[in-house]
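Visitor: Sequence:
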Amino acid sequence: MALHPGDPASSPDAPGHAWVEGRDGQHPVYRERLYPPIAIVVLAIALAAVVGVAYSAAYGATAGWLVGGTVAVTGVGVLVFTSPTIRVDDRVVLAGRARLPLTAVAGASALDAHGMREARRHGDPRDYLVLRPWSSRRGVAIDVNDSRDPHPRWVVTTRHPERLTAAIVAALAPHPPTPGPPPEAER
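Counting from 1, one number per residue, gives the positions in the sequence shown under this note's numbering.
The set of hints was computed from the structure by calculation and includes no laboratory data.
All of these numbers come straight from a predicted model, not from anything done at the bench.
Note that beta-carbon positions come from the ideal geometry of N, C-alpha and C, so glycine has one too.
Check the hints yourself; a few may be wrong.
Across the chosen pairs, the derived CB separations fall in these ranges [what the hints assert, rightly or not]:
(1) Pro125 / Val50: 36 to 42 Å
(2) Asp124 / Thr82: 22 to 28 Å
(3) Ala49 / Gly107: 46 to 52 Å
(4) Ile38 / Leu172: 32 to 38 Å
(5) Arg120 / Pro37: 18 to 24 Å
(6) Pro174 / Arg99: 17 to 23 Å
(7) Pro152 / Arg97: 16 to 22 Å
(8) Pro152 / Val51: 40 to 46 Å
Let's have the full structure, built from the sequences with the hints guiding it.
Guide: This is how it looks when you write it as structure tokens:
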């Protein structure tokens, strides 16, 4: 079936419409980007400054400024652009580049610092991990109930484990049908 914008029959939620992998939901419930803290960014700039000073001592001030500036911009850019996004919508849980359909989620539980440490040290080696320890020491464990998935559980760092867990649980809850216009009475 071809999908055409504006055609209600081609909506992903239309009756008889098959699941299309790779499609995100249309109703976001939770979104968080795991940016590095300012201390990490300052450290990256300081390291770039050291490189710049070394190059300026060897090749002159202009070369030092160019190399130091390039290293600083590149380092900060890598830190920012590789920061994963955690998102929950009405169809999937996204953590970084990975997508987990809600149909494959068995449940979620918030992990405190001790729980995260235990999950990293003694967890199943097959677990899918999205860890950014500089963002938070807490996280969420998402149980997977899809036998075809090689990961029995996802462990995801988050600054707000209770909110992420609540969002996943809310997205898993059955939703009542959206009320439509009342049916017209027959004459």
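Visitor: Take the hints in turn and mark each one as holding or not.
Guide: Verification of the hints:
no.: 1; hint: Pro125 / Val50: 36 to 42 Å; result: holds, 37 Å
no.: 2; hint: Asp124 / Thr82: 22 to 28 Å; result: holds, 25 Å
no.: 3; hint: Ala49 / Gly107: 46 to 52 Å; result: holds, 47 Å
no.: 4; hint: Ile38 / Leu172: 32 to 38 Å; result: holds, 35 Å
no.: 5; hint: Arg120 / Pro37: 18 to 24 Å; result: holds, 20 Å
no.: 6; hint: Pro174 / Arg99: 17 to 23 Å; result: holds, 21 Å
no.: 7; hint: Pro152 / Arg97: 16 to 22 Å; result: holds, 19 Å
no.: 8; hint: Pro152 / Val51: 40 to 46 Å; result: holds, 43 Å
Checked against the numbered hints above, the structure breaks none of them.
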